[in-house]
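2 protein chains.
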Amino acid sequence: MPSYKVIYFDFTGRAEPIRWLFSYGNIPFTDQRVSREEWVKLKPTTPFGQLPVLEIDGEPAAQSNALCRYVANLVGLDGKDAKENLAINQIVDAAEDLQKGVIEMFFCKDEDKKKELKAKFVSSSEVLLKNFDDRAGKNGGYLALNRLTWADIIVVLNYESWVNSVDQDVFKPYPNLQKVKKNVLSQDGIRNWIKTRPENKMKPKYDIKQDL
Amino acid sequence: MPSYKVIYFDFTGRAEPIRWLFSYGNIPFTDQRVSREEWVKLKPTTPFGQLPVLEIDGEPAAQSNALCRYVANLVGLDGKDAKENLAINQIVDAAEDLQKGVIEMFFCKDEDKKKELKAKFVSSSEVLLKNFDDRAGKNGGYLALNRLTWADIIVVLNYESWVNSVDQDVFKPYPNLQKVKKNVLSQDGIRNWIKTRPENKMKPKYDIKQDL
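In order, the protein sequence lines correspond to chains A and B. With UniProt numbering applied, the first sequence has no gaps in its numbers, which climb one by one up to 212 at the end. With UniProt numbering applied, the second sequence has no gaps in its numbers, which climb one by one up to 212 at the end.
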């Protein structure tokens, strides 16, 4: 088996789905966490001047969704053909649209603008989560294909930051999304990762660990 | 062969890469363009309330990059395995990062903020295009894998909007990116599409047609 090293900062963020995917598949990986000082030196050596980076036998690759897609294939959580991947990728990209709003909110310094972004997030999330809930209802508690895929992992992982963004349980009105969450969190590899992962330095109010 | 219908507004935007990919593969598709009035009625029937939508034998799918990835597979411009797809997806996602800046600029109403976004785009584009140019230098005039992939198509297509955003030829300092552009625009299916496609209602200053 090749050696894998995930390089990122010392928090969950864009590396966490990659860590969950490796953990799901019980594939060993080095979880390298760099300080801001180390990052200054490392940056020029990375593929696009960004983290996360995944080193595969020492060869670096970047862009978090590209990396997730690669690891999802390794652990069998991608589609078996282009049509199945289309079903998965639609969910992943729609969730990413919502996640962008969270990231924008996080970096926003202006309090009025932040309120506006929050209101926009709430209204977009209501539409999208209703849509996801319908899909999960039709797919036996999974977002696509009647089975666990990396789309479920992405959405349940984003759920943690969505809850923290609006300070309420965003899956609460959606029984099928609650099943998706349960299905993801019942995977041994993922449970074990969450239980033993380094403490989240961001110290969010809600940490998914409390739902294990 | 299944029937394909691309549904979008009457301009290039997020549907154009899908149209280029079908055209490259000489796969017939219905190019349905809806007015704002039609869109109001259509919106609730689409997978995520967004366009473009691709109907495959009448079944709708959405999210432009997910659709591109699907059509790229149909026409053989994806990778042959997960590792090849990783090489392609990194480029696509990095180009998307830059493209987001263009979209933000396009929708920005505040002139001062717009200037700031433009300056940010110029500095990001210089770093990324230098990076892309190095890759193209190592890959025989292609961005990855020493052959044409859908990453080349995405980047050359975005080039049109990047040129229009800063009103200058952004590939000019980069000889290998000029080769990528030449390699994409020399594909018969793509040439033919650009020559015969409906007039761009956005009427950009620079239209890639003038470079054929």
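These aren't lab readings, by the way, just hints derived from the structure by calculation. Heads up, the beta-carbon is just placed ideally off N, CA and C, and yes, glycines get one too. The reader is advised that the hints may include incorrect statements.
Stated by the list, open to error - No more than 27 angstroms apart at the CA atoms, straight line, and that leaves these computed lysine-lysine pairs for DSSO-like:
no. : chain 1 : residue 1 : chain 2 : residue 2
1   : A       : K120      : B       : K83
2   : A       : K138      : A       : K5
3   : A       : K43       : B       : K118
4   : B       : K120      : B       : K109
5   : A       : K115      : B       : K113
6   : B       : K120      : A       : K109
7   : B       : K113      : A       : K120
8   : B       : K195      : B       : K172
9   : A       : K113      : B       : K113
10  : B       : K130      : B       : K115
11  : A       : K41       : A       : K5
12  : A       : K118      : A       : K181
13  : B       : K109      : A       : K109
14  : A       : K41       : B       : K120
15  : A       : K120      : B       : K172
16  : B       : K118      : A       : K100
17  : A       : K115      : B       : K201
18  : B       : K201      : B       : K181
19  : A       : K113      : B       : K100
20  : A       : K118      : B       : K118
Claimed, not checked - If we take Cβ atoms under 8 angstroms as the criterion, some of the chain B residues that face chain A in the derived model are:
no. : residue
21  : G49
22  : P60
23  : A61
24  : A62
25  : R69
26  : N73
27  : A82
28  : A94
29  : N131
30  : N176
31  : Y206
Now the hints, each set against the structure:
Distance check on the hinted pair: K120(A) and K83(B) sit about 37 angstroms apart at the alpha-carbon level, beyond 27 angstroms; violated. Annotation: proposed proximity of K138(A) to K5(A) is violated, straight-line Cα distance about 37 angstroms (limit 27 angstroms). Between K43(A) and K118(B) the CA atoms are separated by roughly 24 angstroms; this keeps the pair inside 27 angstroms, and the hint holds. Distance check on the hinted pair: K120(B) and K109(B) sit about 17 angstroms apart at the alpha-carbon level, within 27 angstroms; holds.
In summary, the hint linking K115(A) to K113(B) is supported, as the alpha carbons are separated by about 19 angstroms, within the 27 angstroms threshold. The suggested pairing of K120(B) with K109(A) holds, with an alpha-carbon distance near 18 angstroms, which does not exceed 27 angstroms. Straight-line distance between C-alpha atoms of K113(B) and K120(A) comes to about 20 angstroms, which keeps the hinted pair within the 27 angstroms bound. A threshold of 27 angstroms between alpha carbons decides the hint, and for K195(B) with K172(B) the separation of about 23 angstroms falls inside it, so the pair holds.
Distance restraint check for K113(A) and K113(B): the Cα-Cα separation of roughly 14 angstroms lies within the 27 angstroms cut-off, and the hinted pair is therefore satisfied. Taken as a hint, the K130(B) and K115(B) pair is honoured in the structure, with Cα atoms around 23 angstroms apart against an allowance of 27 angstroms. This hinted pair checks out: K41(A) and K5(A) have alpha carbons roughly 18 angstroms apart, not beyond 27 angstroms. Taken as a hint, the K118(A) and K181(A) pair is honoured in the structure, with Cα atoms around 23 angstroms apart against an allowance of 27 angstroms.
Taking the CA atoms of K109(B) and K109(A), the gap is near 19 angstroms; set against the 27 angstroms cutoff, the hint holds. Between the alpha carbons of K41(A) and K120(B) the distance comes to roughly 23 angstroms, so the proposed pair stays at or under 27 angstroms and holds. Proposed proximity of K120(A) and K172(B) is contradicted: the alpha carbons are some 40 angstroms apart, above 27 angstroms. For a cut-off of 27 angstroms, the pair hint linking K118(B) to K100(A) stands: about 20 angstroms separates their Cα positions.
For a cut-off of 27 angstroms, the pair hint linking K115(A) to K201(B) is broken: about 35 angstroms separates their Cα positions. Under the criterion of a C-alpha separation no larger than 27 angstroms, the hint pairing K201(B) with K181(B) is consistent with the structure, at around 23 angstroms. Distance hint between K113(A) and K100(B) is fulfilled; the C-alpha atoms sit about 19 angstroms from each other, no more than 27 angstroms. Annotation: proposed proximity of K118(A) to K118(B) holds, straight-line Cα distance about 26 angstroms (limit 27 angstroms).
Here the hint on G49(B) is kept, as its CB sits about 7 angstroms from the closest CB of chain A, short of 8 angstroms. Annotation: interface hint on P60(B) violated; nearest CB of chain A at approximately 10 angstroms, more than 8 angstroms. The criterion of a C-beta within 8 angstroms of any C-beta in chain A is met by A61(B), whose closest approach is roughly 6 angstroms, and the hint holds. Taking 8 angstroms as the C-beta cut-off, the interface hint given for A62(B) holds, the closest approach to chain A being about 6 angstroms.
With a cut of 8 angstroms, the hint placing R69(B) at the interface with chain A holds, because the nearest CB-to-CB distance is about 6 angstroms. Among the interface hints, the one on N73(B) holds; its C-beta lies about 4 angstroms from the nearest C-beta in chain A, closer than the 8 angstroms criterion. With 8 angstroms as the threshold, the beta carbon of A82(B) comes within range of chain A, its nearest partner Cβ sitting at about 4 angstroms, so the hint holds. With its C-beta approaching chain A no nearer than about 5 angstroms, A94(B) sits inside the 8 angstroms limit, and its interface hint holds.
Satisfaction of the interface hint for N131(B) is found here, the shortest Cβ-Cβ separation to chain A being roughly 6 angstroms, below the 8 angstroms cut-off. The closest approach between the C-beta of N176(B) and any C-beta of chain A is roughly 17 angstroms, which is over the 8 angstroms cut-off, so the hint fails. The restraint placing Y206(B) at the interface with chain A is violated, with a minimum CB-CB distance near 26 angstroms, outside the 8 angstroms limit.
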